[in-house]
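Number of protein chains: 2
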Amino acid sequence: MNKFIRVNMTTREVAMQETPEKYAGLAGRALTSTFVYDEVKPTCHALGKNNKLIFAPGFLSGTTAAQSGRISVGAKSPLTGTIKESNSGGSFSQKMAKMGIKALVIEGMPADDKFYIVKIDMNGVVLDEAPAEILNGCGNHEAIKVLSAKYGDSVGIALAGPAGEYRLPTANISFKDPEGHIRSAGRGGLGAVLGSKKVKAIILDDTGAPLSVPIAKPEAFQAAAKAFAKALVTHPVTGKALSAYGTDVLINILNEAGGLPAKNFTAGRIEWNDNISGETMNATITERGGEGKVSHGCHTGCIIRCSQWYPDKNGKYITSGFEYETVWALGADAGIKDLDDIAYLDRAMDDVGVDSIDVSVAIATAMAGGLLPFGDGKAALEAVKQIAVPTPMGRILGGGTAIVGKLCGLFRTAVVKDQAIPAYDPRAVKGVGLTYATTPMGADHTAGYAVATNILKVGGYVDPLKKDGQVELSRNLQIATAAVDSTGMCLFIAFAILDIPEGFNALVDMINARYDLALTADDVTALGKSVLKTERAFNAAAGFTNAHDRLPEFFEYEPCPPHNVVWDFTPEEIDEVFNF
Amino acid sequence: MNKFIRVNMTTREVAMQETPEKYAGLAGRALTSTFVYDEVKPTCHALGKNNKLIFAPGFLSGTTAAQSGRISVGAKSPLTGTIKESNSGGSFSQKMAKMGIKALVIEGMPADDKFYIVKIDMNGVVLDEAPAEILNGCGNHEAIKVLSAKYGDSVGIALAGPAGEYRLPTANISFKDPEGHIRSAGRGGLGAVLGSKKVKAIILDDTGAPLSVPIAKPEAFQAAAKAFAKALVTHPVTGKALSAYGTDVLINILNEAGGLPAKNFTAGRIEWNDNISGETMNATITERGGEGKVSHGCHTGCIIRCSQWYPDKNGKYITSGFEYETVWALGADAGIKDLDDIAYLDRAMDDVGVDSIDVSVAIATAMAGGLLPFGDGKAALEAVKQIAVPTPMGRILGGGTAIVGKLCGLFRTAVVKDQAIPAYDPRAVKGVGLTYATTPMGADHTAGYAVATNILKVGGYVDPLKKDGQVELSRNLQIATAAVDSTGMCLFIAFAILDIPEGFNALVDMINARYDLALTADDVTALGKSVLKTERAFNAAAGFTNAHDRLPEFFEYEPCPPHNVVWDFTPEEIDEVFNF
Chain Y
-6 MNKFIRVNMT TREVAMQETP EKYAGLAGRA LTSTFVYDEV KPTCHALGKN NKLIFAPGFL
54 SGTTAAQSGR ISVGAKSPLT GTIKESNSGG SFSQKMAKMG IKALVIEGMP ADDKFYIVKI
114 DMNGVVLDEA PAEILNGCGN HEAIKVLSAK YGDSVGIALA GPAGEYRLPT ANISFKDPEG
174 HIRSAGRGGL GAVLGSKKVK AIILDDTGAP LSVPIAKPEA FQAAAKAFAK ALVTHPVTGK
234 ALSAYGTDVL INILNEAGGL PAKNFTAGRI EWNDNISGET MNATITERGG EGKVSHGCHT
294 GCIIRCSQWY PDKNGKYITS GFEYETVWAL GADAGIKDLD DIAYLDRAMD DVGVDSIDVS
354 VAIATAMAGG LLPFGDGKAA LEAVKQIAVP TPMGRILGGG TAIVGKLCGL FRTAVVKDQA
414 IPAYDPRAVK GVGLTYATTP MGADHTAGYA VATNILKVGG YVDPLKKDGQ VELSRNLQIA
474 TAAVDSTGMC LFIAFAILDI PEGFNALVDM INARYDLALT ADDVTALGKS VLKTERAFNA
534 AAGFTNAHDR LPEFFEYEPC PPHNVVWDFT PEEIDEVFNF
Chain S
-6 MNKFIRVNMT TREVAMQETP EKYAGLAGRA LTSTFVYDEV KPTCHALGKN NKLIFAPGFL
54 SGTTAAQSGR ISVGAKSPLT GTIKESNSGG SFSQKMAKMG IKALVIEGMP ADDKFYIVKI
114 DMNGVVLDEA PAEILNGCGN HEAIKVLSAK YGDSVGIALA GPAGEYRLPT ANISFKDPEG
174 HIRSAGRGGL GAVLGSKKVK AIILDDTGAP LSVPIAKPEA FQAAAKAFAK ALVTHPVTGK
234 ALSAYGTDVL INILNEAGGL PAKNFTAGRI EWNDNISGET MNATITERGG EGKVSHGCHT
294 GCIIRCSQWY PDKNGKYITS GFEYETVWAL GADAGIKDLD DIAYLDRAMD DVGVDSIDVS
354 VAIATAMAGG LLPFGDGKAA LEAVKQIAVP TPMGRILGGG TAIVGKLCGL FRTAVVKDQA
414 IPAYDPRAVK GVGLTYATTP MGADHTAGYA VATNILKVGG YVDPLKKDGQ VELSRNLQIA
474 TAAVDSTGMC LFIAFAILDI PEGFNALVDM INARYDLALT ADDVTALGKS VLKTERAFNA
534 AAGFTNAHDR LPEFFEYEPC PPHNVVWDFT PEEIDEVFNF
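Protein chains in written order, with this note's numbering: chain Y, -6 to 573; chain S, -6 to 573.
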């Protein structure tokens, strides 16, 4: 895995280099964040010619290790203005790794308005003009069909949807999954960066590539991979709950905990939880049959299988990757009480290519601001579809929660660093509140998922309603996550490796066997710390200070029922999270 | 002038206090900025209950001194997130001063959705419910008529227009001028703060107030006021150019200089300057007659008289305060080549209550982004009127240039700290570029009008195309401006006091005679420095760093014709402006 590819869209020249020495020991988020820190001017305009977009598989991508199929994408974010790493499932990471590509960089910007396809195979890189039929609002589902017909059904695809073409702040990068459906590097508007470079899609054709990456110590690797898979299967969350109910299992759990933000963050519990719960989703899929699947993996080698295919009343596929955070935002925060309405919205957001968290919270915010009728899924669907045009309404929703809040004149706008706060109320799940406030990514639950320990009692237990222990919890999880995001592993392995020491050891053993290293747990921690410090240094140079590590003020003075708790960390306490 | 009035909109209680000792020696911008620094949490939400809005007349307001009728308004800005002082003509400042009111503070926020009128007379303060007929999109022209009918034709009025009611980021505060027309504290969205407090209007009824404020040394004051007026009349800019052609005299001057930003900041000169110049404006008003006036003052005691009444083809009044910056943005930057179209747009922006700079630049940006047809004044007018509804399109324009740029996916968005860059290209008028970059207010030409010395050769001459001398120029002008903004004086006095020493001395003498002080020129400079440092300290605590003191990146690599100059100050050079 040694090719370092740079595609310069100003000159349309491609450089296929050996990986620079300084990046040899990095992968995934560690590589993308270090590269962005090294080469992107922190004060540049995220949509200007000086931003750079980098794709990198993780340390274990391309191996047979379970859950190793995540692709990291990095750049300066047009949404937050911070450094950004966003990752996704699909087949892209594994194909890149097998093709020996350490990183793919898209830089520069064409002077003209033509869109291109970057096609990479074992012979090299070619820039094709993008077919007109997939431009100017063509949905991602159709675009993937067109591109698969043109380049082959088995190619990997990364795609800027209509929102990416229009460079809207919530534009995601969509990845084709093994069945041709859509997975997303959702957060932070990286699709707008791809669109700004006039790259409509990247095609990976791994024909002729080896079936696996080279493994330095194959036997040791197999043994570790087996121990690792065993930990995943053994743990109740990764072995059972997620495959049975998907991530939407959390609706009832968070509702019970009083930490399910409702009606634009004015409450922490709803009464219509049965309409939208994971249990209801499972029962609906099971009952409808047809193309529905209760459990499904987003990439080859996934054994957690938290995804699903959600079908309509006639059994026809609507959407997959139908996540808790999307269901929460639309179902609880926006009060859309029909899971089918939510499924069509999820599909529509995938189709136009936007972050389904930021746009769903934007819908809830727009409803609170009088821009959409509260709880009206049909009206919301029509508005989301307008992103593909784009109408003014479409642009507003594609602008995301922060902009919707400003255009509705609201102080109750749930964002940190202009990125929407997801599905866990920070007043009632205080550990994740510290993660929202302090992660270099803008509000992001995945950056340090303290919900695990606050609510699911994974990795011990820290009372979600109290401040004690939360600073250390968020800090340690952010450090661990920065390391896991560098492995190419799905973040959900954290449940198993937090609780099962053999699982964590097996993860380190796999990396050692893959590269003939002798890393210890301390090295993993050191890597995580180093990644975070690099990211934070970029942000500081871009103008971010501790004053940006704050939650929206209303959390401090509006108590969240049923526990009637407020966000009560002092600035000094919050700033302790990054004191390491 | 000793009453310090606080209106708490949470409790609807009014406190009429003596001015606290620490504010006794402050007025205008010095008072508003110090108060905001003292009492507003820098990280608060600008539309939340913890922001405070303060109105303060200047040191010389209420006297007979020429040009002393400006009112300062301060708060944390919902547009920029910085501290903000915005000032306006009209009768408000003089009435406040004569009524003995040092400051009026609006704080807190009602829990319900009713709008109120704050009515102040010599008996005290009363909160009335706002008449339904002036709410929900009623234009400012009509609202002023209704309020004048209800409270009397001679009252002073400060008003949140439809944009202020909807709390849009560009909402201004409109002030009734002596003839019942509209003047604006335009920049920074302070109308949204007034709207967030649910104050539709403030009425000042000065019946029974003295005709002038007390003057400690009347004879000395009269002598100084006379010398001051003489300087204004003598100087070619304040004595002649501004009264003949209004501020729009600058169209031809900046066009000749190659510093008139055109077609969304892609050039510095236009060919259709004759369509929109001050000379054409003067000729059109003269020719049409009717209600037109070539020259007019925005407040009693104005002898510069840069305003005008611009009539339609039938001689019927369209708008006044028809400023160069608005004509430039619509005429050159947005390419609307018909002065009548621009006049109707100016009137419409006054009517919905938005900053005519930020929204006009937003229109040019929207045209560059494909959201409006380039150069189409009729389409732009329809869009601006939609702010009163508000439709999605109306909200977008009311969001201002920064948001329009994001929703159009542009890197060429002319803002600093999210406030629109006005009518002087920073590449070709480098001194004002430093002011845009560094003023605590966000891009604001009035904060340190280096155009005077770069282009008009007032206060000496510094070559606009070269870097030499610009840092000192911008710094010194920002310091002087912060002091002038504290006097209640119109900023245009700067032309005369920069060039005519007797004018400057007379200004200081007037303040000394008014209060029986012995201030020197050094004291004035010290005041200006102190104001700037206070403002900058607020911003730092709100999270602003030197990285925010930067122009948009495209100015660095896109040369501006005809001089083909770029913005070439290094970060270190820029940061020298505030090294004092």
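Since the hints were made in silico from the structure, they are not lab data.
Hints may contain errors.
All copies of an identical chain are treated as equivalent in the list; a pair is satisfied when it fits inside any one copy or across any two copies.
Using 30 angstroms as the maximum straight-line C-alpha spacing, the simulated DSS-like pairs for lysine-lysine come out as follows [stated by the list, open to error]:
| no. | residue 1 | residue 2 |
| --- | --- | --- |
| 1 | K378 | K450 |
| 2 | K460 | K223 |
| 3 | K34 | K526 |
| 4 | K138 | K526 |
| 5 | K223 | K15 |
| 6 | K522 | K459 |
| 7 | K459 | K42 |
Keep in mind that this is a model prediction, so the values were computed, not measured.
Tested hints:
no.	hint	result
1	K378 with K450	neither (40 angstroms within a copy, 55 angstroms between copies)
2	K460 with K223	neither (35 angstroms within a copy, 67 angstroms between copies)
3	K34 with K526	both (17 angstroms within a copy, 29 angstroms between copies)
4	K138 with K526	neither (41 angstroms within a copy, 60 angstroms between copies)
5	K223 with K15	neither (35 angstroms within a copy, 70 angstroms between copies)
6	K522 with K459	within (26 angstroms within a copy, 45 angstroms between copies)
7	K459 with K42	between (46 angstroms within a copy, 26 angstroms between copies)
Comparing the model with each numbered hint stated earlier shows that hints 1, 2, 4, 5 do not hold.
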